[in-house]
Amino acid sequence: MALLDVKNLVLSFSGLQVINDLTFSVEDGSIASLIGPNGAGKTSVFNCLTGFYKPTGGDILFDQKKITRKKPHKITQLGMARTFQNLRLFKSMTVLENVMSGMHCRSSAGPVSSILRTNSQQKEEAEITTFCEECLDFVGILDEKDRTASNLSYGHQRRVEWARALATKPKILLLDEPAAGLNYDEKQQLISLIKRIRDELSITILLIEHDMGLVMKVSEKITVIDYGQKIAQGNAEEVQNNPKVIEAYLGKEEEEEEVA
Amino acid sequence: MGNSSNTPPNENNVESIRTGLFDRLQDQKNRLFILLVLAAIATLFPLVTDNYGLEVLTNVWFYVILCLGLNIVVGYAGLLDLGYAAFFAVGAYTTGILTSEFGVNFWLTIPVAILFSACAGCIIGGPTLRLRSDYLAIVTLGFGEIVRIIARNLEITGGASGLIGIERPSIFGFQLTQIIHFYYVFLILAIIAGFVSYRLQHSRMGRAWQYVREDEDAAEAMGINRVAVKLYAYVTGAIFGGVAGCFFAAKMSAISPETFQFQQSVLILLGVVLGGMGKIPGVIIGAFALVLFPEVFRDLGSMRILVFAIVMLIIMLYRPEGIWPAKKT
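Quick note, the sequences are listed as chains V and Y, same order.
Residues in the first sequence are numbered from 1 upward in steps of one, following our numbering.
Residues in the second sequence are numbered from 261 upward in steps of one, following our numbering.
Careful: at least some of the hints might be erroneous.
Stated by the list, open to error - Restraint-style ranges between C-beta atoms, simulated for each label pair:
1. Y:ARG390 / V:LYS65: 44 to 50 Å
2. V:SER12 / Y:PRO580: 30 to 36 Å
3. V:GLY140 / Y:PHE522: 49 to 55 Å
What the hints assert, rightly or not - To be clear about the criterion: a stretch of chain V counts as covered by chain Y if any three or more of its residues have a C-beta under 8 Å from a C-beta of chain Y, and this derived list gives those stretches:
4. 85-91
5. 222-232
None of these hints come from the bench; they were simulated from the model.
Even for Gly, the Cβ is constructed at its ideal location relative to N, Cα and C.
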């Protein structure tokens with residue numbers, strides 16, 4: 001059962017074809033990856049999925065509902081959360097406050113009940129705090145919850161991004177280059193975290209990544225794109241040995257020239 | 261301090277005492293105590309001053325309300341609003357017209373003014389809050405002027421001469437006529453404004469405003485409807501302005517379009533920015549500075565505006581985050 005269905009997606013900016021008739025799907029409960037050389041259009045695909053770019057053609061179905069061209073906040077409310085390639089934390093706010101942003105769409109207290117501190121508002125605030133602390137605990141940085149986000153180490157800031165996305169209670173989590181800037185140990189922790197998110201929280205995962213080792217270790221299905229088009233799809237072994245994929249990353253072998 | 265060692269007081273001890281004091285100021289109970297002391301001083305103030313002093317302080321509380329209202333728009337949500345006086349005008353004229361032309365009881369005009377200010381906020385904010393900040397500033401400036409010019413040209417608003425003879429309100433038969441009465445009215449309103457601002461700041465809505473202010477695209481990605489959140493801030497600020505306008509009309513018993521010029525919007529914005537945008541104590545200090553500075557330097561005559569401007573420049577150059585210190589991180 002496909003949780004996410006991308007059909008014939010087309011995206012062009014003033015004549016520049018960024019995504020060219022792309023079709024792929026992500027099964028519910030799976031860990032999938034979208035890979036390709038730099039400039040292949042991967043982050044643009046994410047931006048189309050999450051509503052930041054409006055595709056020029058094609059359709060995106062999430063949980064069997066059409067979400068093409070919907071507003072980003074609506075898509076997140078439907079259960080699709082994302083993290084950013086270049087961290088976009090709310091720098092001057094605390095770690096806990098950052099994570100609480102994910103709960104905004106899952107809570108409802110308005111200005112009036114906030115001014116009056118009604119019982120339901122207080123209860124909701126307590127629930128928000130508890131759940132966000134759980135998210136922070138899940139990614140392992142609960143003890144940093146009151147620190148200002150910009151003061152954390154890079155690796156820990158990345159974890160705040162993940163906790164924040166988890167706080168939106170998503171059905172699918174889109175991770176945009178989650179391993180960028182991480183050292184070897186942190187990458188191993190990321191691999192186990194990705195698996196835990198799927199196994200323990202039943203959240204489907206789609207990731208964009210350049211670290212092939214990580215991709216191969218963690219993905220059940222890999223879609224390879226180049227110049228906005230799908231060039232291969234399959235599990236780790238199939239993709240690694242696919243000549244088109246090798247060509248896209250490493251180029252074609254040149255014919256040996258005869259040495260005079 | 262419970263320290264059992266015999267080390268004489270030195271630099272380290274002083275440093276820890278000073279840190280201890282600041283930490284104690286952060287403590288909820290101590291802050292509440294200080295607030296109560298300040299409230300007591302404010303309440304007893306009329307006993308030690310004359311009518312002139314009362315006028316000035318009443319004006320201070322009035323600007324505290326306006327600055328706190330604009331603070332929600334500019335300080336919390338980060339929206340550059342250059343036409344805030346429009347809402348102040350809506351409130352004042354609503355009360356003025358309803359009491360003079362239709363004989364409505366003053367207190368009943370307040371909910372109507374709130375409704376009209378909220379509507380004005382939706383009408384102005386609805387189409388414009390999708391725009392990026394520079395355009396928003398220009399459009400709000402424009403709307404501020406539009407409201408003023410409409411007031412200047414309609415008959416019902418009294419045209420260029422405005423409205424006069426607005427009835428003074430009465431509470432349970434006691435009519436508010438003297439400055440001391442209005443001093444307490446505005447003091448109470450200022451305290452309410454501070455309380456409401458505080459509650460909003462530390463709530464789901466307050467956080468949403470901060471998220472949108474810091475990075476509105478990241479906020480959208482988190483499922484936050486940035487246009488709706490901005491509209492909430494705008495309308496809440498409008499209501500503050502409207503209510504302040506009602507009581508202003510009652511106190512002055514006469515209002516004219518000249519009170520609601522662009523200069524007024526700038527002045528209110530100055531109070532917010534000068535004191536420290538987004539921080540309630542800062543904004544209150546800004547309002548104080550705004551009203552007291554020209555009074556204190558009255559002897560300088562027409563030079564005082566120049567001195568005021570120069571002081572403003574200096575503060576913006578060397579302490580752009582405002583007078584009030586930033587939060588400890």
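Status of each hint after checking the structure:
{"no.": "1", "hint": "Y:ARG390 / V:LYS65: 44 to 50 Å", "result": "25 Å, violated"}
{"no.": "2", "hint": "V:SER12 / Y:PRO580: 30 to 36 Å", "result": "43 Å, violated"}
{"no.": "3", "hint": "V:GLY140 / Y:PHE522: 49 to 55 Å", "result": "53 Å, holds"}
{"no.": "4", "hint": "85-91", "result": "holds (count 4)"}
{"no.": "5", "hint": "222-232", "result": "violated (count 0)"}
When held up to the earlier numbered hints, the structure conflicts with 1, 2 and 5 and fits the remainder.
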